[in-house]
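Let chain Z serve as the given structure and place chains E and B on it in line with the hints.
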Amino acid sequence: MGRRGFLKRAGVVGAVLPVAGGMVVAACYDDPTGGPAAPGVPTQNVQPGAGGTPPAAAVPAWQKIDEDHQKGVVDFLKNQKKPLTKGKGMQELPARIENGVKVFDLTIDEVNWEISPGKVEKARGYNNQIPGPTLRATEGDRVKINVTNNLTESTAIHWHGLLVPNEMDGVPFVTQKPIEPGKTYTYEFTIRNQGSHMYHSHHNSADQVNRGLLGAFIILPKDPASYPKYDKEYILIMNDSLLGFSLNGKGFPATDALVAKKGERVLIRWMNEGMLYHPMHLHGMSMEVFQRDGYPISPPYRCDTIDVPPGNRFDCIIEATEEGVWAFHCHVLSHAEYEGGFFGLVTVLAVDGDKFKVADLLATV
Amino acid sequence: MGRRGFLKRAGVVGAVLPVAGGMVVAACYDDPTGGPAAPGVPTQNVQPGAGGTPPAAAVPAWQKIDEDHQKGVVDFLKNQKKPLTKGKGMQELPARIENGVKVFDLTIDEVNWEISPGKVEKARGYNNQIPGPTLRATEGDRVKINVTNNLTESTAIHWHGLLVPNEMDGVPFVTQKPIEPGKTYTYEFTIRNQGSHMYHSHHNSADQVNRGLLGAFIILPKDPASYPKYDKEYILIMNDSLLGFSLNGKGFPATDALVAKKGERVLIRWMNEGMLYHPMHLHGMSMEVFQRDGYPISPPYRCDTIDVPPGNRFDCIIEATEEGVWAFHCHVLSHAEYEGGFFGLVTVLAVDGDKFKVADLLATV
Amino acid sequence: MGRRGFLKRAGVVGAVLPVAGGMVVAACYDDPTGGPAAPGVPTQNVQPGAGGTPPAAAVPAWQKIDEDHQKGVVDFLKNQKKPLTKGKGMQELPARIENGVKVFDLTIDEVNWEISPGKVEKARGYNNQIPGPTLRATEGDRVKINVTNNLTESTAIHWHGLLVPNEMDGVPFVTQKPIEPGKTYTYEFTIRNQGSHMYHSHHNSADQVNRGLLGAFIILPKDPASYPKYDKEYILIMNDSLLGFSLNGKGFPATDALVAKKGERVLIRWMNEGMLYHPMHLHGMSMEVFQRDGYPISPPYRCDTIDVPPGNRFDCIIEATEEGVWAFHCHVLSHAEYEGGFFGLVTVLAVDGDKFKVADLLATV
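Sequence lines, in order, name chains Z, E and B. Residue numbering for the first sequence is 1 to 365, as defined by the numbering used here. Residue numbering for the second sequence is 1 to 365, as defined by the numbering used here. Residue numbering for the third sequence is 1 to 365, as defined by the numbering used here.
Just so you know, these hints were derived from the structure itself, not from any lab. Remember, it's a predicted structure, so these values are computed and weren't measured experimentally. Worth double-checking, as some hints may not be accurate.
Each pair may be met inside one copy or between any two copies, as identical chains are not told apart.
With a cut-off of at most 25 Å between alpha-carbon atoms, the simulated BS3-like pairs for lysine-lysine come out as follows [what the hints assert, rightly or not]:
| # | residue 1 | residue 2 |
| --- | --- | --- |
| 1 | K144 | K81 |
| 2 | K86 | K183 |
| 3 | K64 | K122 |
| 4 | K86 | K144 |
| 5 | K78 | K262 |
| 6 | K355 | K222 |
| 7 | K64 | K183 |
| 8 | K183 | K71 |
| 9 | K355 | K144 |
| 10 | K78 | K119 |
| 11 | K355 | K122 |
| 12 | K262 | K81 |
| 13 | K78 | K355 |
Extracted from the complex, chain Z is given alone in its bound form (with noise of 0.2 Å):
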């Protein structure tokens, strides 16, 4: 599979997930070396409750946690298939070509956010989306963005990373007049630094970005040897403030896994968008980080948890070598899970293999 197919699903996986047989979680209960005996999963233990009593009370506390536990697997793995919530960010946003100039339109609008299932947040989004749509150029492109403010107050867009005139740089009263309510202003530069950059808004900051105002700017190499080869590409842009903890404008069980075939070379450029830290800890492999701001770290480091200070991005390229369903979540523990279950920043690497097919544990659910 080359890399241009990749260049499209950026940042997502979507419901494509590929197809084969094998199932994880059964897979794991038949463990030879000495696991439980006992068959019962937790639902099945549940003593309803007798008379008025509500059922909730007679499940043992402990039984309870459990259940909630796989209620959220289960709900993640469905999300899979079918997304559990409304409102999907970060889609690709081809350009139009005019006069050889790439020309993208965002507006910006107030919007009702579905971070996880039922969890919906007073947001605004670039184009409906939050993330907004991510953007993607090459070194060397002329690029106009037109942007209309549909907010009822001013906005103003800085494009995080990307070398660009001063006057296109975004800043409300130091390099422009901030885009009012109801107007358009466009913003045009020519490309000059590859690298995983952003946009966000940079008026009133604190409260539009984390809102939802922001997404990614990817900006390819003139020479694509210049860059690490990669079969599988995601995005994940980190983010905890007022729509909570989410990953690419989404919180467990509503965030898309990412998945790869046994071998391959899965880049993530990571984006830190929040006011936190989010080391994030990947099971069973390590990643290779090559790249910070679109500058080279050299030589490259290796690590099985990295940490993405707010305002950067790391590239890294992690080998698809194990195969299985590999937790992938933020190591502050209380970003990721509760006595309810995983929530938050939480995903999982799924990598596809002899044994294990990622289609197999879906048709389970």
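Same frame as chain Z, but now just chains E and B:
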């Protein structure tokens, strides 16, 4: 402009901004790519209240936000011409030479410190400054620091990062008795290691340091050729606790701008004396980070957002290749902006070039 | 002293401090450079209250601060001779060998854990220890770990950093069923990757890990020559949540000192199992950081303040070149000191040399 000349103005830019022509803010309003036609700056849009209604109440909320943001930027520009707050920290303290020893005299006093216009806090300062006066020496120097404690509680000074004899390390009950109220204590040692170091209280330090008992101690290498060349030097000390969010003891708009001429190499010595992390994002250019705690980072790495943990000091060089006014702020956005505009950990890097001149901009306020 | 000998005492220094002569605290009081003439230690300055006033109220506040700080340091010294708290975590757990497999037995129990003198918390421990017993194996070893859950809720163990088969990864409902109360579960796998790894609960983990279900799993390389030489080894696990701020399960003054002889190379295996960042500052010397999560940092970097994000493990070497007692603490000062003195993430590196002997210091308390 020689290196020596800049050593004297470490840490501040003060009112001595270079002179030239072309105004950034105005220039932006002339943006040819399709900016808003509306000429009205927000203050022109104010609808005065009728009758007994207070005028302020009649300003739509979004215009009030814009006005406040604009006022902050204007105040910041004014602050570069004439400080808006009383008190200036980090003044270089010249050493007296006694028998070949460099002698510094420090007093410790209660001070009222104006961190941002009108925000005055009960604080403690070395020589009535926050941060304390900047000390500077060279590897191999013998230094003596006389410390007079005018507080009503004991204290001690730790020379953070400096390799000193154990008994000079400044930890009460571990390496010395505390310096009691009214007493004078003398530290004396030979300088062994170059780097961007610090000095601060090590007694009741969560309170004393956070109230202002901290400063920079810059050690130059014996062989200047062992350190990268630079044209300008800034020291930036981040803080966040009892006195509020600050750079060099001041919060925006009372922070000092960094200024450079196009093409200059700007050295920044970063120091985090706070309790939190402050990933500082530079617009428009990158930083080359080459030293941590006085030890080389090999090879240096480049980034647009630098993250200096509390207690660390990172040295970086910015090549000031892009003219204009570039925001430079903590990307934990809640440390830098709110509905009322920028505050706290915000400054700019202003680069004088052919088209943009800082002096012209300042002439507008 | 050989490397093997130190492997047994990983993570603790205990009461076995080396013996010799010259007392640091006293020595400092003889400082020839102009220390305070006043001989009075703070307790000598106490003004007893008159009449019905409680004596404590008559001690000026500043002297009370000094007294409390001094008491903390004295208690810390006493703790090195005889632990001030009940319970010792991280005892090395010898493996049983069964058919060539290294077998470890872990039980999980409710425990009352004394984190600092008098501060006892309801906690959970592996083998009644917090952190749990230190496990140690070598690349290529086959290991089997029998886990008996004596809690009243389910659990599971994740082998953090170890490359294991998916079904051994310890994530309930993803790779296995949870280990229910009263059940025993066996993990078995072959060790593939050296490094400073961890094991901890991966079920309801924001609660279970924070209450103590964590430990160190040290994997030695098959080829010892591939790892830097060292004379002494310490493991330092940082924590900060439900049980309070701690190093290896204890808060100052109940923390263990690190001790070395002048010239020794001291290995520290850092692990952050907390929710926060703890930039640990070493006085007087630097650390050479050469490994992250078991992968090389190339080239190593040096610093005096090391920052290990939650979930990461960093290995560093300190060359113990400077004799004396050197503070070693989190530089988020509110994690290390308050008006009552040091607490939490504080210890020292005590270096025995010609003039300073740890034993002499300890003989004073």
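Can you give the numbers of the hints that this structure goes against, from lowest to highest? When the structure is compared with the hints, numbers 1, 2, 4, 6, 11 turn out to be violated.
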